[in-house]
Structures are given as C-alpha cells and as structure tokens.
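J.: So you can see what is in the structure, the chains are spelled out below.
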Amino acid sequence: MTVAAAKPHLSREHMLDMLRQMIRIRRFEDKCAELYTQEKIRGFMHLYDGEEAVAVGVIAALEKRDRIVATYREHGQALVRGVPMTSVMAEMYGKQEGCSRGRGGSMHLFNAAANFYGGNAIVGGGLPLAVGLGLASHMQGDDLVNACFFGDGAVAEGEFHESLNLAALWQLPVLFVCENNLYGMGTALAISESETDIHRKAECYRITSEIVDGMDVVAVEAAARRAVQAVRDTRKPYFLECRTYRLRAHSMFDPQLYRDKAEVDSWRPREPIARFQGWLEANHMIHPDEVSRLTGEIDAEIEAAVAFAEAGTWEPVEQLSRFVYADSVVPTGQ
Amino acid sequence: MQQELPGTDPIELTYREAVRAALRDALARDKRVFLMGEDVGRYGGCYAVSHGLLAEFGPERIRDTPLSESGFTGAGIGAAMAGMRPIVELMTVNFSLLALDQILNSAATVRHMSGNQFGVPLVIRMATGAGRQLAAQHSHSLEGWYAHIPGIKVLAPATLEDARGMLWTALQEPDPVLIFENVMLYNISGKLPRDAGAVSIDKAVVRRWGSDVSLITYGGSLWKTLEAATALAAEGIEAEVVDLRSLRPLDDVTIMASVGKTRHAVVVDEGWRSGSLAAEIGMRIIEQAFWSLDAPIGRVCSEEVPIPYPRHLENAALPQAPKIVTAAKAALGRA
Chain A
1 MTVAAAKPHL SREHMLDMLR QMIRIRRFED KCAELYTQEK IRGFMHLYDG
51 EEAVAVGVIA ALEKRDRIVA TYREHGQALV RGVPMTSVMA EMYGKQEGCS
101 RGRGGSMHLF NAAANFYGGN AIVGGGLPLA VGLGLASHMQ GDDLVNACFF
151 GDGAVAEGEF HESLNLAALW QLPVLFVCEN NLYGMGTALA ISESETDIHR
201 KAECYRITSE IVDGMDVVAV EAAARRAVQA VRDTRKPYFL ECRTYRLRAH
251 SMFDPQLYRD KAEVDSWRPR EPIARFQGWL EANHMIHPDE VSRLTGEIDA
301 EIEAAVAFAE AGTWEPVEQL SRFVYADSVV PTGQ
Chain B
1 MQQELPGTDP IELTYREAVR AALRDALARD KRVFLMGEDV GRYGGCYAVS
51 HGLLAEFGPE RIRDTPLSES GFTGAGIGAA MAGMRPIVEL MTVNFSLLAL
101 DQILNSAATV RHMSGNQFGV PLVIRMATGA GRQLAAQHSH SLEGWYAHIP
151 GIKVLAPATL EDARGMLWTA LQEPDPVLIF ENVMLYNISG KLPRDAGAVS
201 IDKAVVRRWG SDVSLITYGG SLWKTLEAAT ALAAEGIEAE VVDLRSLRPL
251 DDVTIMASVG KTRHAVVVDE GWRSGSLAAE IGMRIIEQAF WSLDAPIGRV
301 CSEEVPIPYP RHLENAALPQ APKIVTAAKA ALGRA
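Protein chains in written order, with my numbering: chain A, 1 to 334; chain B, 1 to 335.
Source of the hints: derived by calculation from the structure; they are not laboratory data.
Keep in mind it's a predicted model, so treat the numbers as computed, not measured.
Even glycine gets a Cβ: it sits at the ideal position worked out from N, Cα and C.
Warning: the hint list may mix true and false statements.
Unchecked claim - Label-pair ranges, simulated between beta-carbon atoms:
hint, chain 1, residue 1, chain 2, residue 2, range
1, B, Met283, A, Asp254, 54 to 62 Å
2, A, Leu320, B, Leu100, 51 to 59 Å
3, A, Asp197, B, Leu100, 55 to 63 Å
4, B, Glu227, A, Phe44, 51 to 59 Å
5, A, Ala262, B, Leu100, 41 to 49 Å
6, B, Val206, A, Leu320, 28 to 36 Å
7, B, Ala316, A, Thr196, 31 to 39 Å
Unchecked claim - Cut-off 35 Å, straight-line C-alpha distance, at most; resulting in silico cross-link-like pairs (DSBU-like, lysine-lysine):
hint, chain 1, residue 1, chain 2, residue 2
8, A, Lys64, A, Lys95
9, B, Lys31, A, Lys236
10, A, Lys40, A, Lys95
11, B, Lys329, B, Lys191
12, B, Lys261, B, Lys323
13, B, Lys261, A, Lys64
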C-alpha cells in the first residue's frame, strides 16, 4: 500500500468509506449477476469485479461539480458518484424509475444531477465527448475537471488519439483515466498494441501521465488527487493509467476462452477489497465486526434497491417516441 | 441563377455570403456560439464561407481543427451538452463519414437514451453534392442517409433566404441539426433584404405554382428543377415545384397538398436511387395520397456510380433539367 502520498486523507473514517464503496459495488454487482440468471436483467451486462479501486479512488478525488464520462462498464462509477442505487437497479431492470428512465439499461446509466454524462458503449466514443466538456469548461472559464474513464481497448481507436491531441493542443481540463485491465473484450493488450505501455502514448501528445496500481485504492486515490489538482490548477489534460484486472468475464455471455484460469487465479491475491481490508485489519484500523456491519448495511441497501426495481413500472408504450427530440421546442424564427 | 425577393433596401449577395452573414450574425448575437472545423479560420473555409470571421471573432470562436472529424464533432457534442452552441463545419459530406459514429451513436441518441436528461443543441454544417469535377471522394449526396436517423434534423437550404435564415433557427433547436449546403449553390447570387433574418425550418415551400405535375426536390436540384419547369411551361405543362427545405422531418402536408392537386409526382434527388430519400418520399405519397394519383410516381436521381471526374461523365451521372423534363412528361403520359 502506497500510503505515504495520501497522508492527508488517511483518516479512519475515510478509509472505512473507501472500503465500504468497494464492497458496495461488488455486492451490488453480485446481486446483478444473480438477477441476470433469473432473467430480471437482460441485454449486455459488464461487471467491474476486481476493478473497483479505480472508480472509488478516482471519484474520491473529484468534486461533486466535476463531470464524469464513463463506459459500458460503469455501475461502479455511477454508484460511487452518488447516483442512487435504487435508480441504478431500476435501470438494470429497464423500469421507468431507472436513472435513464429505463431506456439505457446497464450500459447507459446517466444522471444529470450527479454530472454523470453516461455510460458510452462505443469503445472510445466517450473521449471526444469529454474533450467537448473540457472545451466548454475552457470557453466558459470555469474550474471544473472533466474526467473520462475508458479501457485499454479504446487506445486502439482513432478517437483516442484524436481526443488526446485535441485536449493537449487546446489545453483543455480533461482527466483521462485509462482502466487498463489488459483485455479489450477477449483480445489481450499485447495482441492489439505495438506499444503496450499505454501512458507513453499520452506522452507523445505532451500530456503529463502517471501509472498507478489500479488494485490499490489508496494509491489510486493519491494519484487521482495529484491528477485532479493538476487539471484544476493548470487547466491542462492529465493522463492516469490504472493497471487493473477484470476477475469476471467480459460480459455475461463470455466463456473466457482467451485466458487461463491460472492467470485469473494469479490476480486474485491482488484483488482490491480483500487486500485493502487485510491491510486495514493488520494496521488495526478496522475490526472485522465493522466489516460485518458495513456489509449488513450494504445488503440492506441492495435489498431495498431490488424491491424498488421490482416495484417499478414499465414506461407506457405510448411514450416510445417521446424524447427522440425535446418535448417543447423553443419557438423558431424571429 | 437569379432570384428576386420582396423587401425594402435589398442587397446583392451570393449564397456563400448569405451563409457567412448568418454565421456572423449568430456569433455576434450569442456568446455561446462558436465555429469549429478544418480550415475555417486562417484558410477562410474550404469554400471560403468563413473568410474574414477569424479576424472579427478571434481563434477561440473561429476554431481551426486538426483533421480529426470524429474528435472535433464529438467535442462539439460535449460542448453542446455543457451549455455551448457549437457550429461544427465538416468540409464535405464524404468526410462526415469519419464522424458518423459521433453523429449517430452520440448526438442522435443521447436525449432518448438518457431519458431526456441531456440534449445536444449542436449545428453541423457541411458541403454536399457534385458538379465541380471533384470525383468520387468529394462529390456525393448523402444527406438522405442522415435523414434516416431519428434524433437529428436535416436541412437543405437551396435559396439565399434559407442560406441566410436557417442557421439562427437551427441554433435555437434543443437537438442536433445538420445543414447541407450544395457546393453548386455557393456562387449563385441574388438580392436579399438588408434585414433578412431567421426563417422557419419545418416547412416545405412551393417555389413555383402549377397544376399538372408536382416536382418535389431540395438543395442543388431545386434550380435544375425550376429550369425544367420553365421548359415544361413552353410545352404547355404547368409544373409545381416543391422545395422540401427540411429532409427530416419531412413536411408531408405540403407534399400531399401538392400531389393531391396535380395528381402526378416526380421526385428529384441528387442521391443514388436505391434506398434513397426519393424512395422514402415516393412511398409516403403511396401511403398517404395513393388515390389522388393518376399515374406512377417518377424519380430522377443520380446514376448508381461513384461520381466520376470528367465533366461529361459527371454531368451524365447527375439529375439534369432534360432528365427532369422527360420524367415529368412520362408521368403525364406525354413521353
């Protein structure tokens, strides 16, 4: 654990909250997997198991007013950001009480109140959008940080390179957060990239970059605080490469033919929750009973979220075409 | 190609100048508006539309971009979502394909997919059409493809009045609007009232009244169609010319009113015939005005070839006034 760099935030309360956020994501998604097998949740669903420290660490460093663009593997970001779990679960069900009115599902969680600009399910597609948010910040003269999460798979897309270039060229306040879990779906990084050191690509665009152990929530938060501060102060982009690992399948349809079980097992000891919890216990910062209490509270929240989703309602078919365009168009003409 | 418009104190100008006047007006009136695209600043615009605007509004608001269509179109989407009113210029419709992901998967979907939490008040302008011997990668008319997409609006200003007036109205829309400027129109000139301003963007307009056949068209083909109507008049056929102006949504009411009156329809569309906007319009007429028709609907579209370079082949590939005349007469059984 690289605690030294994060000393100002090492209060016991904060540590407990970070642990709680990670457990909350994990248990929420475990429940989602169960609900998926019951066919309560359908479509594509991508779980974050093993990567929780990235969302928790990075979002802890952001202010509420900062903006977030995420990917289709965004349950964790949405929950940490404060999108109510009830509305996230209702969205998973496709109910109109969901955070996107049920229209987006697992891959398209949106929440304007939380400045959560959505799960974008076109790999790399969120990067230009984040650049545009940064451009608005630049032109409006605000002090926001515009954070953009994306995976290592996005690095191969042209939009990645276009976006890094634009953000650097125009000096825009964008925090690029690469969640490098070593696989774009089933294709290993080494099979898709000539340069597997992703942060070096950012350097080519003269963007300050940093690599961090994405399985270590304290290290992620410390790096993210440096990054966020840099973006806030300099109004320039910053690139954070979080090296992490997805312990579950890519999606619920993935038989994982592309990697050995031994490889997955080799990553399990580095799994962020047990690792952080063990460290906290070893340093007498937490008692196992407290973890039980946290878990109990989280389970109650999940239970309530499932009940909320179950009780949710289907959007009337009559509203199918509503919001293709805005309801009330501003009067045109002079 | 001249047109006379009512209004006091008219000024003579080109279509290009009319678009520029619209841009200048919007930039002056709304601080949230900025223009972004390839060579819009220092070069003055590929078709010289934005010439002079950099000096007037500065590099922040007349923003030259790298050759990153997807990147800067997506940036326009993000900026629009965060309260700006960007005008993105894509040099030609062929290049816009490099930004199609952002236009379709983000701009057109975000409002519906987010349950109305976010909108994208973005205007994208681009040149379209053939006729300048620019060959098969700079000459196509793909606006019909864009008109296929729910969530965006698609405009085709064919007149000076619309070139001057559609932009401001488009900028007031809460959703993305694509404006297609046919490259053959930039040099047309005529008179506009000095105080010309915003126009509606949701109605087709009858540009020539007639009782025998409805010629339904838009954009660069409008002038060829009017030319054909004049030739038809010399043969005693009074053609009505409908300028669609908006390709999405289509103004069915105006189309059907015209067809209901003339009982004959020919659609003129510079896009390729198969799967074209002309096909859509024809089908809507079948659905809504079938019993008004006295004859099968005709179509004049581009030939199904990549647009070739030599003048004679390019001309042969495009709708031209004689082809429109022939199609109109065929619809009337007077071939």
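J.: Provide an ascending list of the numbers of those earlier hints which the structure does not satisfy.
T.: The structure conflicts with hints 1, 2, 3, 7 and 13, although it agrees with all the remaining ones.
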